[in-house]
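Residues per chain, in single letters:
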Amino acid sequence: MAKIIGGVTTSHIPAVGNAISDGVTQEHYWKRFFDGYQPVHAWLDEKKPDVIIVVYNDHGLNFFLDKAPTFAIGCADQYENADEGWGLKPTAPFTGDAQFSWHLAESLIEQEFDMCTCQEMLVDHGFVNPVRVLYGDHEHWPVKTIPLAVNTVQHPLPSAKRCFKLGQALKQAIESYPEDINVAVVGTGGMSHQLQGERAGIIDVDYDLACMDSVINDPAWFYNQSNAEIIEKAGTEGIETIMWLVMRGALGDKVNCLHKHYHAPISNTGAGVLLLEAADE
Amino acid sequence: MVWQAHDYDDIPGTYVFDGQRAHSSYALNKLFYSFNTEACRKEFDADPAAYCDKFGLSPEHKQLVVEQDFLGILRAGTNIYYLAKFCVPRGVTVQDAGAAFQGISGDEFRETLLKKREGLEERLAQEGGYWNG
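Taken in sequence, the protein lines are chains A and B. For the first sequence, the positions run 1 to 281 when this note's numbering is used. For the second sequence, the positions run 1 to 133 when this note's numbering is used.
The shape of chain B in the complex, shown without the other chains (with noise of 0.2 Å):
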């Protein structure tokens, strides 16, 4: 058994969400999925290492949650959209989440986003034809 290479394989700084890392997520986006029910949130908050066991967690991936390891659960292959129900209601963004992959904080990252802005009109007019109030 052996998992197919892809041709974005070797994109730099980037993990496409593909089977490969579906998989062995799994038991993690799944558990963040029930996040989406007030009480599942409940239960979690009052023995989150307990609502781990009950979706079959590996222990690996048991203590990155218990220890809200935001970073540590996107390289286990978590998909941000699903991080993002544990990690935002905790004040932790999906910008600081990227953040982290660079070692920044997120307003650095933040930041270096706003710089698009400069210029950005006069490359419009270059383009032609957009709007401009």
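Chain A extracted, bound-state conformation (with noise of 0.2 Å):
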């Protein structure tokens, strides 16, 4: 059977992509935030998950504003990144699993998680980058990849608890797979930004710990409060770190912390990383 082996949580900005595409990760600015994810590049390359799901929201590359799902769950065998308007050049396309989308979109929806399921998904930033700070570059990447997209963009958005339940609903998904498959779940975006109005560069540093202790010991915490609360503290696109409760939620009640960081400010952003596992019940 399918077997979670852990859950990562990483930012998902486009700067990050760019130090890694300008080779400046090693430069004062950068040092410190890359550094801190050589624990989780070792547990990676020790564990090596034959999967990774990764959970990120869509700037406007695969959805528009005209169709905006709330969940949306690749189910092909392959995704390519595209261009975003900014004539980056894409990255290498990345590997599926389809026959594993397909068991995930309809256990999911057996729980009641109406998925969106996508034959066809272009993964932009919120998923390539996240890939390449575990990974680095690859023309051919060294992992399956499955996009689990989250509307966190186009209000109203899911709110905390129920993206703690789809994780907890994908956990019942994932160990109910019979191929033998190792499973990572990543969390990504976040940290407290917000990138328009007049509150636009607020980052609440006391606020991201207390979320990253939340999604370690207690996550209730987090997920008992209201978008609107979220937003108060975390800003417009700082809303973004739900989705970590997505990852959290499929990893059980108790985990074990492997490892924890967190830097401020990357770009707009404060951003943490969090390598986790299941506790033994």
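It is worth saying that the hints were derived from the structure and are not from the lab. Incorrect hints may appear among the rest.
Stated by the list, open to error - Label pairs and their calculated CB-CB ranges:
id, chain 1, residue 1, chain 2, residue 2, range
1, B, 49, A, 221, 51 to 61 Å
2, A, 180, B, 69, 51 to 61 Å
3, A, 135, B, 89, 24 to 34 Å
4, B, 132, A, 180, 36 to 46 Å
Said to hold, decoys possible - Which bits of chain A does chain B cover? Going by a derived footprint, with three or more residues having C-beta under 8 Å, they are:
id, stretch
5, 222 to 232
6, 265 to 271
Stated by the list, open to error - Below, a sample of chain A positions facing chain B; criterion: calculated Cβ distance under 10 Å:
id, residue
7, 32
8, 36
9, 38
10, 42
11, 43
12, 64
13, 65
14, 87
15, 195
16, 212
All C-beta atoms in this analysis are idealised placements derived from N, C-alpha and C, irrespective of residue type, glycine included.
The two chains are supplied separately, each in an independent frame; assemble them into the complex guided by the hints.
See the structure below:
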């Protein structure tokens, strides 16, 4: 049977991808941020997950605002990156696992999470940069990937609690897949930031650290907040940190935190890295 | 017909991209979304006003786009991720766009952000358990 071997959180902002492309990850501004991934790299190298499920939001590449699915899952053999309007060179295509994806979709929908299934899905920086920061750049990616998109752009958004419950359903979906594969779930985005309005530029370090602690030890503290409460603290774009709760829900009641790292500012954001494994029950 | 009030409406300096804004800025966002395709970017550059007409922009919104009034475009309810497809290739970053709301320069905006770095290690040490090299 498929097994969830762990969960990771990471930023997905465009600047992270640019820093990798420009080869500046060891320059002063970036060094502490990127170095904080080393324990995650070592863990991935040791555990070698067969598939990673990347929970992210699309920023106007695959989905336009004409149709904004709350939850969407890639169900294809391959996912391509593409120009987001800035003329950046797309990465190599990502290998999916269509059979596994369709199983996940069936199980999630049986569990009353009515996913939008995508047989074609362009993946934008929200998906690509987490994979790049975890694995480096490759012409042939060393891991299969499944994109799971959450609408954090056009309100109404799902609540933090709904994201956590999706994670719980995802755990059941993964663990009911008959193939012996190891799966890691990656929650991306955040942390606090606001890009527009007079309040643009907020970073709330205390709130970010409280969210990180909550994701590890007490997810209810985070998921019992309304989206308005989260936006008030974390900003209009910082709300995307609710996607971490999908990852956390998939790990079960208790987790062991193998690594935690926080840095600010990265571009406009606070950036948090967690590496979690399910604790023995 | 009335737009429903929300509990996030009262957060100062904050405009949540909800149905009301998405509805009023739909054509603007659709025009910027088209910039994912290089051919569309070229078509726009050749005749911005005609391109706005093609997307059915109101005269007010058309003027904002033709004049590259990025702050005005945001104030019209456009989503920042869609504006980015227009402003970033023209040398105006998302940070510059955010700074414009406060009437400060992008550099001043970035300086303010960099202050968040001060005392960070000490704060994390106080929290405990954080990686620090």
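Quick one, is the residue 36 of chain A hint okay against chain B at 10 Å, beta carbons? 5 Å, holds
State, for the Cβ atoms of residue 49 of chain B and residue 221 of chain A, whether the hinted interval 51 to 61 Å holds or is violated. At roughly 52 Å between Cβ atoms, residue 221 of chain A and residue 49 of chain B fall inside 51 to 61 Å, so the hint holds.
Between the stretch 222 to 232 of chain A and chain B, see if three or more residues pass the 8 Å beta-carbon test, and mark the coverage as holds or violated. holds (count 5)
Hinted contact residue 195 of chain A with chain B - closest CB pair below 10 Å: 5 Å, holds
Hint check: 10 Å Cβ-Cβ cutoff, residue 43 of chain A to chain B: With Cβ-Cβ at 13 Å, over 10 Å, it is violated.
Verify the CB-CB distance for residue 135 of chain A and residue 89 of chain B against the hinted window 24 to 34 Å. Between residue 135 of chain A and residue 89 of chain B, where Cβ atoms are some 28 Å apart, the hint holds.
Holds or violated: residue 212 of chain A as interface residue toward chain B, Cβ cutoff 10 Å? 9 Å, holds
Given hint residue 87 of chain A near chain B, where the shortest CB pair must fall under 10 Å: 6 Å, holds
Minimum Cβ distance from residue 42 of chain A to chain B below 10 Å? Violated: closest Cβ of chain B sits about 12 Å from residue 42 of chain A, beyond 10 Å.
Hint validity - residue 64 of chain A Cβ closer than 10 Å to any chain B Cβ: 5 Å, holds
Holds or violated: the hint that residue 65 of chain A contacts chain B, with Cβ atoms closer than 10 Å. Given a least distance of 6 Å, the restraint on residue 65 of chain A holds.
Taking 51 to 61 Å as the hint, is the beta-carbon distance of residue 180 of chain A and residue 69 of chain B inside that range? Holds: the Cβ-Cβ distance is about 58 Å, inside 51 to 61 Å.
Checked against the numbered hints above, the structure breaks hints 10 and 11 and satisfies the rest.
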